[in-house]
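Undergrad: Okay, here's what each chain looks like letter by letter:
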Amino acid sequence: MSYICVRDLEKCFVIREKRKQGALLREKKTVRALQEVSFDVEQGELLGYIGPNGAGKSTTVKILSGILTPDGGEATVGGRIPWKERKEHVRRIGVVFGQRTQLWWDVPIRDSYDLLKDIYRIPPEDYRSRLAELSRTLQLEELMRTPLRQLSLGQRMRAELCGSLLHRPELLFLDEPTIGLDAVSKLALREFLLWENRQYGTTILLTTHDMEDIVALCPRVMVLGHGRKLFDGSLSDLLGRYDTVRTVTVNYEEEEAEPELPASIVPVREGKNLTLSYSPQEYATAELIARLQEAGTVRELTVQPQNIDRLVAAMYREMDL
Amino acid sequence: MKAYLSAFRMRRRMELQYRGAVLGGVICQVFFGLILVAVYRAMYAGKPQAFPLSHITSYVWLQQAFFRMLLASDPELLDKIRTGSIAYDLCRPLNLYGFYYVRIMAQKMTGSLLRAAPMLAFAFLLPEGWGLMLPASPEGFAWSLAGLLLGLLCVSALENITMGFTMRTLDSRGMQALLNLLMMILAGNILPLTLFPDSWQRVITLLPYAQLLDAPIRLYTGETPLSAAPGILLIQILWTLLLTGAGILFWQANQKRIEIQGG
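Keeping their order, the protein sequence lines are chains A and B.
Just remember that our numbering sits 373 ahead of the position in the first sequence, which is counted from 1.
Take the second sequence: its letter number 136 is residue 124 in our numbering, and every next letter is one higher.
If you're looking for bench data, these hints aren't it; they were derived computationally from the structure.
The reader is advised that the hints may include incorrect statements.
Using 27 Å as the maximum straight-line C-alpha spacing, the simulated DSS-like pairs for lysine-lysine come out as follows [as the list claims (entries may be wrong)]:
hint, chain 1, residue 1, chain 2, residue 2
1, A, LYS402, A, LYS391
2, B, LYS(-10), A, LYS460
3, B, LYS(-10), A, LYS457
4, A, LYS401, B, LYS(-10)
5, A, LYS457, B, LYS244
6, A, LYS401, A, LYS391
With the hints as constraints, model all of the structure from the sequences given.
TA: See below:
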């Protein structure tokens, strides 16, 4: 059996909203946050979990971390049912909710870690070496005596991550860990997660809206929409399906270059620049480039795949999300 | 067990950081204490009551000194529930009720001891008929300390039930406004319970609110005879057990139906 095993998971939420007419009455609406979601994750895997807002990503994480009880279906993590054997289960997992905080607001972060040490019953020796290791790799050494409220968002996220990993969880849930971070912090965070995964074989399940996170970290991606699983496979497979537009820009030495192109490709001319879009499935890129070179002296040529966010947007559109 | 102790210590340390708030609280409570004492003195000047004035002024000062034990919910915990950061606490290998209970207790205990120490010193220095009397007897004092500790356990259990309601409604204000009104009146903060009609007292002294401060104060002033002290403590213990048990069941029910919204 796989390390994480999810079968036909179901979760409904009841939402009360105001009626259009009649200010006093509310209508009950049931939202199916998860519908028949099934998947498996092996130990040591890095799994990216994407989908538009409200797709059910966080709900899955909350069920797998033992916070929510599902309305139907089964799930086990390491052979345990999270919501039934909560205490035993949570001892082995670490969680980072990108928009919330687990450390104490008004006290130095080191004190929060000391409390976590007692909560997870980490042996003192182990705690010392693990804290030293984490604070070195996450560059927290200078910040240990600083209260959480005085940290920047990037520092805080690193501090949260350290707190979630102190007890060496075998499974780490990251719910939008890079939200609001600057480029440097994002890169550092990704690098750290890879390191942790390679060093200790920690299984990581990551939900995010930042596709760069997925590109950098996750060989496997799962797409969720309207509570259903829509895709499960490698990132390149996913992108291959929706990689339908490519753009080439050529800069010629002379102004009158007229490459011979298939009729369906209409280039846009701007002085010595020529821009054209095509579908890589219809035309081979190498052939098009050869034709462009025949027409004149090329000074510069760039081929751009579609922006990954646009790809995902196209995918969500096609999946009707 | 160590985890709960650490959480208690942590919350205590946090409470010690807010020294400005302590000073403000002390000034406010001294002010209220002086006004109340003046009111009772005026009342006694008009028509002396069966109950000695020094007992009343002592009652007022002890109530004011431990005011923090009654009111003041932990804003941090309420915030956690409102914003959903409670999700983190649900991911700990701990009993959530116990985890919150020790934090509530630490806040109430530290907050009220910090305020009580300077206030009681001040009240002792006031002249007879204005200030705080010495305990009626050493034994009575010992009983009242035990009673105060039980009162703390009892009020923490009550507060944790309020937390349970907050988990359902997400906003503590309605429930708190209601419970605080009950608490202020029935705990004897607004009017000492000793001044209620005897027939009323027979009932209200049995209610949980009377166990918080009223019971230990009566043991201190000697209004409760030493022979009755074990009985008083028994009532306190019963309420503490009952409220804690109810709270644990309530939280367990809550945890099954919890939803953490957003993000």
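Undergrad: Now tell me if each hint is right for this structure.
TA: Status of each hint after checking the structure:
Between the alpha carbons of A:LYS402 and A:LYS391 the distance comes to roughly 10 Å, so the proposed pair stays at or under 27 Å and holds. Distance hint between B:LYS(-10) and A:LYS460 is fulfilled; the C-alpha atoms sit about 16 Å from each other, no more than 27 Å. In summary, the hint linking B:LYS(-10) to A:LYS457 is supported, as the alpha carbons are separated by about 24 Å, within the 27 Å threshold. Using a Cα cut-off of 27 Å, the hinted pair A:LYS401 and B:LYS(-10) is violated, with the two alpha carbons roughly 45 Å apart.
Between A:LYS457 and B:LYS244, the direct Cα distance comes to roughly 10 Å. Compliance with the 27 Å bound is thereby established for this hinted pair. The hinted pair formed by A:LYS401 and A:LYS391 meets the criterion: a straight-line CA distance of about 9 Å does not exceed 27 Å.
Hint 4 from the list above is the single one not met by this structure.
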